[in-house]
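Protein sequences appear in the order of chains A and B. Residues 1 to 361 (the numbering used here) make up the first sequence, in order. Residues 1 to 413 (the numbering used here) make up the second sequence, in order.
Treat the hints with care, as some may be off.
As a list, the in silico EDC-like pairs of lysine to aspartate or glutamate whose alpha-carbon atoms are at most 16 Å apart [what the hints assert, rightly or not]:
no.: 1; chain 1: A; residue 1: Lys247; chain 2: B; residue 2: Asp146
no.: 2; chain 1: A; residue 1: Lys247; chain 2: B; residue 2: Asp131
no.: 3; chain 1: B; residue 1: Lys122; chain 2: B; residue 2: Asp235
no.: 4; chain 1: A; residue 1: Lys49; chain 2: A; residue 2: Glu117
no.: 5; chain 1: A; residue 1: Lys247; chain 2: B; residue 2: Glu389
no.: 6; chain 1: A; residue 1: Lys49; chain 2: A; residue 2: Asp62
no.: 7; chain 1: B; residue 1: Lys120; chain 2: B; residue 2: Glu29
no.: 8; chain 1: B; residue 1: Lys396; chain 2: B; residue 2: Asp131
no.: 9; chain 1: B; residue 1: Lys396; chain 2: A; residue 2: Glu328
no.: 10; chain 1: B; residue 1: Lys58; chain 2: B; residue 2: Asp131
no.: 11; chain 1: B; residue 1: Lys58; chain 2: B; residue 2: Glu29
no.: 12; chain 1: A; residue 1: Lys22; chain 2: A; residue 2: Asp8
Please keep in mind that the hints were generated in silico from the structure rather than gathered at the bench. Fair warning: this is a prediction, and the values are worked out from it, not measured in the lab.
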Amino acid sequence: MTLLLNEDQRELQRSLRAMFEKQSDSKRVRAVQEAAAGFDAETWAALVKLGATTTLIPEEFDGLGLGLTEASIVLEEAGRVIAPVPVYTTLLASAAIRATGDAALQAELLPRIAAGETIVALAFTEAADAWIPVQPDVTSTAAGAVSGTKTFVRDGQFADLLLVLTASGLVLVDANAEGVTRTPLGVLDASLFATRVDFASAPGRVIAVDDLEGFLTEVDATASVLLAAHQYGAYTRALEITTQYAKDRFQFGRSIGSFQGVKFPLANWAMEAELALGILRQATHLADAGSDEFVRAALTAQVKLQRISAAGAAWMARLHGGIGFTWEHDAHLFIKQAKTAQVLLGTPGNRSERLASALGI
Amino acid sequence: MSEVPTLAESDATSASLREFEARARAFLEEHVPRRGDVVVTDTMGADVVAAEQELQKKIYDAGFAAITQPKEHGGQGLGEAESMIWGNLSAEYAVPRMLIAISHGMCGPIINLLGTPEQKAKYLPDLWRADTLFAQIFSEPGAGSDVAGLQTRAERVEGGWLMNGQKVWTSNAQYCDYGVIVARTNPDVPKHQGITMFIIDLRDPAVTIRPLRVATGERPFNEIFIDNLFIPDSDRIGEVDRGWDAAVAMLRFERISIGTSSTKSTGPQSFEKLAEVAEAAGLLQDPAARAALVEVYVMEQGTDLLAVRMREEVEAGIELGPRGSIAKLAGASANFRLNEISSDIAGLSLVSWDGPGMAYPPLTKAFTGAPSSWTAGGTIEIQLGIVGERVLGLEKDPSVDRGVPFRDIRRSA
């Protein structure tokens with residue numbers, strides 16, 4: 001086993017960090033929010049060019065054919081700058097399409113996703129407790145006509161295709177088809193986009209999956225890791241920014257980082273970051289090794305990041321004092337990102353229970 | 001996946017590491033019982049000490065003790081990687097731990113670092129072979145986190161030093177032959193500048209060792225009263241009044257040995273054991289108990305995998321530096337949290353059982369013993385300071401006693 005990155009992976013990390021630092025600091029999030037005109041197309045194009053959006057697409061379908069460790073690196077780096085790009089959606093959709101086991105579907109969609117031509121969004125969520133409903137209310141006919149309402153469809157407004165979870169299984173729906181109404185939702189985290197989608201007998205194509213429960217378990221686990229990676233990136237970046245501030249800000253004739261009231265939360269934060277990284281790397285390592293312990297490790301990573309990341313962002317604002325409450329400062333961006341991520345896949349109660357089941361208790 | 005081999009795999013030394021690992025595995029399997037097969041007692045009786053000492057000699061003779069120590073004074077002359085391999089493999093076996101943790105983990109290394117050639121020749125070979133046992137004698141009733149505030153005095157006399165004072169928290173001193181001790185040799189200079197380190201003979205009649213009873217009801221530590229003990233100058237370690245640097249170096253050895261000792265949680269507060277406790281208590285369906293069990297699992301994965309990752313970094317030749325102290329902090333912090341939530345998991349069974357009052361079940365015993373892990377080797381607060389200052393690079397706390405002669409510093413009444 002290794003929880004350390006190899007040289008290729010470190011190189012990927014370096015080139016992504018350089019790209020994001022040049023391309024996409026928090027100004028992008030702010031610009032995207034002010035313009036209200038969709039995601040950051042320039043950063044997205046740069047990511048597509050690097051192949052970073054294709055790490056989970058096999059080489060035969062024009063992807064990089066890498067693993068979840070590399071996908072995690074992509075999201076960590078995106079998380080550091082809270083990049084407003086549909087990279088989580090794309091990596092997750094690629095994994096989901098592969099997990100269907102449908103060879104024709106993969107051959108049809110994955111090259112288009114790899115080229116950055118097509119965005120496929122997962123339309124699973126119906127309620128606030130968990131992103132995958134146990135009993136979906138949305139229905140579909142044998143011919144693939146979908147009816148009902150999905151909510152919080154990540155990047156739904158940009159999607160060309162929607163992979164919809166219905167009471168009968170999976171249906172692929174053209175997002176621009178008749179009977180599909182997409183309404184963007186208001187979101188706290190300006191770096192992400194979500195849509196309510198109303199289906200009124202919308203025409204779709206049934207995607208047969210032999211083991212739907214197994215498919216959903218794997219997709220849930222993959223989503224758990226991808227989100228955890230994004231949370232980890234933001235968590236560590238917020239720590240770096242706050243540590244630097246604690247060194248630069250002087251009060252009472254001392255840098256504030258010399259006060260234990262500031263120093264200790266930062267030290268705890270650094271410790272939590274180290275703990276989280278081991279758990280995250282273990283999860284991606286097990287995924288890439290094809291281990292059946294992956295699901296448990298993935299849920300562990302999500303529970304860990306869910307537990308710490310919003311607290312990290314809150315400490316960022318708290319330790320910055322007044323400046324941390326201004327619109328101009330990035331602390332609120334980190335708070336909004338982290339609080340959103342904390343409930344994206346399910347409430348802490350839901351995630352904890354999922355892990356409890358995976359642990360056999 | 002990438003075909004690039006990891007550092008450790010591409011390194012020529014990895015072949016010898018694998019050979020070492022195979023040898024260690026074979027030795028353990030043949031000579032040492034599995035950990036689960038023996039009853040572990042935290043308070044060591046004289047018979048346990050004698051048996052462990054015998055086993056330790058066997059381990060030494062096979063080449064698995066003093067692994068990183070130089071060959072010329074009885075060590076193996078190998079690297080951190082071998083030491084970690086042995087640590088990980090032996091974690092599953094009932095090798096002596098408490099017996100040699102201080103002798104081998106702290107006292108031996110400091111003598112090796114600062115001792116004279118005569119001291120190394122006189123003390124080290126017997127120490128590494130566990131023929132003699134050493135205690136570390138730093139803490140005092142008035143000097144815990146601020147060890148440099150110690151008040152035990154050593155005054156110059158003809159041919160050596162005369163020592164008086166009181167020490168505390170000395171593990172297993174009643175079984176030890178020698179102690180490495182720090183004492184104040186000059187109270188007229190700032191506190192760090194007037195301390196000297198010595199080796200003392202614990203069998204000397206001027207030394208009184210008294211067991212200290214702790215919250216578990218056991219007596220794993222001792223108080224030591226020193227009344228006019230003569231120490232020859234040849235038993236001074238390092239220079240006069242430079243004992244603080246020596247003590248710091250020695251405590252650093254301690255943090256290394258605590259932080260890298262294990263990568264697998266197995267105790268009564270492990271997820272596996274706590275799940276059994278919850279089941280036995282009929283609490284497996286209780287929502288708070290389930291949430292607490294999940295939290296325990298996540299914490300355990302965190303500390304176990306951090307240890308794995310740090311071990312892999314060391315094996316790959318990456319310098320851990322002060323980041324190593326994060327492992328110690330994480331272990332103690334997790335342990336603190338475990339005590340908070342063990343009641344959620346065990347309910348009444350944490351505080352009541354069939355049998356005599358002091359016959360604590362394993363979880364209860366771990367609960368009562370936990371404060372030791374929040375304190376030993378530096379309190380959690382001291383560890384937080386270390387991580388803040390040395391890992392994150394934050395400014396040190398200003399010291400009000402800096403530059404003040406020791407005799408003028410305020411102390412507890």
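Verification of the supplied hints:
1. With a C-alpha separation of about 25 Å, the suggested pair Lys247 of chain A and Asp146 of chain B falls outside the 16 Å cut-off, and the hint is violated.
2. Under the criterion of a C-alpha separation no larger than 16 Å, the hint pairing Lys247 of chain A with Asp131 of chain B is inconsistent with the structure, at around 50 Å.
3. Between Lys122 of chain B and Asp235 of chain B the alpha-carbon distance is near 10 Å, which keeps this suggested pair within the 16 Å criterion.
4. With a C-alpha separation of about 12 Å, the suggested pair Lys49 of chain A and Glu117 of chain A falls inside the 16 Å cut-off, and the hint holds.
5. In summary, the hint linking Lys247 of chain A to Glu389 of chain B is supported, as the alpha carbons are separated by about 11 Å, within the 16 Å threshold.
6. Taking the CA atoms of Lys49 of chain A and Asp62 of chain A, the gap is near 12 Å; set against the 16 Å cutoff, the hint holds.
7. Of the supplied pair hints, the one linking Lys120 of chain B and Glu29 of chain B is violated, its CA atoms being roughly 33 Å apart against a limit of 16 Å.
8. About 42 Å separates the Cα atoms of Lys396 of chain B and Asp131 of chain B, which puts this hinted pair outside 16 Å; it is violated.
9. A hinted pair counts as satisfied when its Cα atoms are at most 16 Å apart, and Lys396 of chain B with Glu328 of chain A does not qualify at roughly 30 Å.
10. For the hint pairing Lys58 of chain B with Asp131 of chain B, the CA-to-CA distance comes to about 11 Å; that is within 16 Å, so the pair holds.
11. For the hint linking Lys58 of chain B to Glu29 of chain B, the alpha-carbon distance of about 13 Å falls within 16 Å, and the restraint holds.
12. Taking the CA atoms of Lys22 of chain A and Asp8 of chain A, the gap is about 21 Å. The hint is violated against a cut of 16 Å.
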